[in-house]
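> Listed here are the chains, written in short residue letters.
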Amino acid sequence: MQKFTTLSAIAAPLPMANVDTDKIYPGRFLKTIRRTGLGAYLFDGLRYDADGKERPDFVLNQEPYRHAQILIAHENFGCGSSREHAPWALLDFGIRCVIAPDFADIFFNNTFKNGVLPIRLPRAVCDTLMADARLGENARLIIDLERQVVVRPNGEEIRFEIDPFRKHLLLNGLDDIGQTLEHVAAIDRFEARQRQDRPWQPGISV
Amino acid sequence: MADSKPRTLFDKLWDSHVVERLPDGTCVLYIDRHLVHEVTSPQAFEGLRAAGRRVRRPDATLAVVDHNIPTTDRRAGIAEEESRIQVQTLENNVAAFGVPYIPVLDARQGIVHVIGPELGASLPGTTLVCGDSHTSTHGALGALAFGIGTSEVELVLATQTLLQKPAKNMCVRVDGALPAGCSAKDIALSIIGRIGTAGGTGCVIEYTGETIRALDMAGRMTVCNMTIEAGARAGLIAPDDTTIDYVRGRPLAPKGAAFEQAVAYWRTLPSDPGAHYDTTVALDAAAMAPMVTWGTNPEAVLPITGSVPDPQDEPDASKRALMRRMIEYMGLRPGQKLTDIKVDVVFIGSCTNSRIEDIRAVAGVVRGRRVAPGVRALLVPGSGLVKQQAEAEGLDRIVQEAGFEWREAGCSMCIGMNPDRLQPGERSASTSNRNFEGRQGPGGRTHLVSPAMAAAAAIAGHFADVRELL
Chain A
1 MQKFTTLSAI
11 AAPLPMANVD
21 TDKIYPGRFL
31 KTIRRTGLGA
41 YLFDGLRYDA
51 DGKERPDFVL
61 NQEPYRHAQI
71 LIAHENFGCG
81 SSREHAPWAL
91 LDFGIRCVIA
101 PDFADIFFNN
111 TFKNGVLPIR
121 LPRAVCDTLM
131 ADARLGENAR
141 LIIDLERQVV
151 VRPNGEEIRF
161 EIDPFRKHLL
171 LNGLDDIGQT
181 LEHVAAIDRF
191 EARQRQDRPW
201 QPGISV
Chain B
207 MADSKPRTLF
217 DKLWDSHVVE
227 RLPDGTCVLY
237 IDRHLVHEVT
247 SPQAFEGLRA
257 AGRRVRRPDA
267 TLAVVDHNIP
277 TTDRRAGIAE
287 EESRIQVQTL
297 ENNVAAFGVP
307 YIPVLDARQG
317 IVHVIGPELG
327 ASLPGTTLVC
337 GDSHTSTHGA
347 LGALAFGIGT
357 SEVELVLATQ
367 TLLQKPAKNM
377 CVRVDGALPA
387 GCSAKDIALS
397 IIGRIGTAGG
407 TGCVIEYTGE
417 TIRALDMAGR
427 MTVCNMTIEA
437 GARAGLIAPD
447 DTTIDYVRGR
457 PLAPKGAAFE
467 QAVAYWRTLP
477 SDPGAHYDTT
487 VALDAAAMAP
497 MVTWGTNPEA
507 VLPITGSVPD
517 PQDEPDASKR
527 ALMRRMIEYM
537 GLRPGQKLTD
547 IKVDVVFIGS
557 CTNSRIEDIR
567 AVAGVVRGRR
577 VAPGVRALLV
587 PGSGLVKQQA
597 EAEGLDRIVQ
607 EAGFEWREAG
617 CSMCIGMNPD
627 RLQPGERSAS
637 TSNRNFEGRQ
647 GPGGRTHLVS
657 PAMAAAAAIA
667 GHFADVRELL
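The listed protein sequences derive, respectively, from chains A and B. Following our numbering from start to finish, the first sequence increments by one per residue and tops out at 206. Following our numbering from start to finish, the second sequence increments by one per residue and tops out at 676.
FYI, nobody ran anything at the bench for these hints, they're computed from the structure. Treat the hints loosely; a few may be bogus.
Just some of the chain B residues that point at chain A, by a computed CB distance under 7 Å [stated by the list, open to error]:
(1) E226
(2) D265
(3) Q292
(4) Q294
(5) G353
(6) A364
(7) G462
(8) A470
(9) Y483
(10) I621
(11) M623
(12) P625
Just so it is clear, CB atoms sit at the ideal spot from N, CA and C, and this is done for glycine as well.
Hey, can you work out the whole structure from these sequences and the hints?
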């Protein structure tokens, strides 16, 4: 997994609530068996019209936001399905950080597994950062994960909270499997105990 | 556990599956059951292969295809290339990793959240995951069941565990007699209308109260299925006689003495008196009515007697903008009566509402009636076994005589990944779970309803109050 340390980047404002995973990555593109190249379908219904032409009013079709690495949105970002294709598509497009007042649980969880940082900030702060983002090219935001701050273009620092364990994984680019395999002896012991205490769970065979 | 503090059902399920608690509170959580389908697993198996890992417990894993497959005759295979490749990829993976698999032409094939409980693979007191948000369905059995992303699918395949922190406890209590014409779907939509699409974020919802207790297992599964649409991680209903009677005798459930031992354990699972919930919400079922969504999230829902709301009445500017966008996308006008909205397609199916009880409800409404001219009506059973049961009861004839298409089991028009989808601008009455923009096909307009309400819309050609057809 790609590490996340600091990021200085253009931020795209997307002032929408309930941006669901079908909007981020429509179901009909879920047929891929890869996890790369999905950026082409990111926000497909918002980005392209029925003929496949770019909609000029959508933020990621505008300069400089085509190069955005940060996305700022409203409440309940990523609601809906568990498809990890949503963070894969964001990452493939170049987005490394999403800022919103809150996120749906499964999406929130999925972003971390891919080196994408979701930051929860109050709605008023998100609106301030969106106003910054609208200033375009010269208004980069800086995300410093170690210090847990978003730095506004005027230098003001906004603190954000993050789970310490997840922060550790992101800063060091560690994945869950590597971490969990350190506990394999405990998993063995759990399974042995469970076979004794709950022998009524038969194995599946079809 | 020596701890004598009263615990909720969720607390008990969680505590009994913690392998190890890390210093910051993150837990290595053991997973008893892992259901796998073709859409969210290819990249996970690819990850295992790249790292030279095996599936730790194939005997705790069950795979099936449901999202991509056509619901017409499947003996000729899948015409669409990408769908065919995804299904073949799963078949190659289950063969290579030794995972139990139910093939497309097996009578037991069906939607993963229908076949899990039906086969007895989903059991009370267990932890169950699947790379699919509607895994919350299995919470109806009193299992801690939730959807995960593909990275976590790989993690469970490799280690049979997840790294998670416990959720908060939320209690949704529903009391009162559910009026005739209302069903579990109307309860679910009423709850989402009340608490909102993010109302359960960070929580596991336990459904309690006499109305929930009175639901059959199909109804409980519908309520738990829609939990994710309220933003919660999982839904739960404590195991009781209804649950135990349902599980008994299922092919993959324990048998004989082992079953009795299991039952004794399951009886210990209901929340202790005085257990703490972080949030409690109470609803009166007697005040409920058949519900219809009008917008593009499940929270935008009203009783059938209502009208499309007017954004001008909404004081909050961003909510007003969202309402305008929803009304525009849905092709409606403020103040329009819901019963004046015409439908093009009626879809009855999905992991929310495709069980035998749902099909009986549909047959009860359409018996001796005809689908309105110009309306295309699909009935897609949730599994091959549901289909067989319906045919044994003659329900297939009743719905076909009314003008419904009678299909093979699969996700069908819920997801728009297979040939069943809406055309741009088409409007559906759908028993599925999501009315997001483009969910049933680009430009498609979805209204979520119960099976009986979908049947009523099929007959009337527009949304109609099923209570008037009973």
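> Determine for every hint whether it applies to the structure shown.
The hints, checked one at a time:
| no. | hint | result |
| --- | --- | --- |
| 1 | E226 | holds (5 Å) |
| 2 | D265 | holds (3 Å) |
| 3 | Q292 | holds (5 Å) |
| 4 | Q294 | violated (10 Å) |
| 5 | G353 | holds (4 Å) |
| 6 | A364 | holds (5 Å) |
| 7 | G462 | violated (10 Å) |
| 8 | A470 | violated (9 Å) |
| 9 | Y483 | violated (18 Å) |
| 10 | I621 | holds (5 Å) |
| 11 | M623 | holds (5 Å) |
| 12 | P625 | violated (11 Å) |
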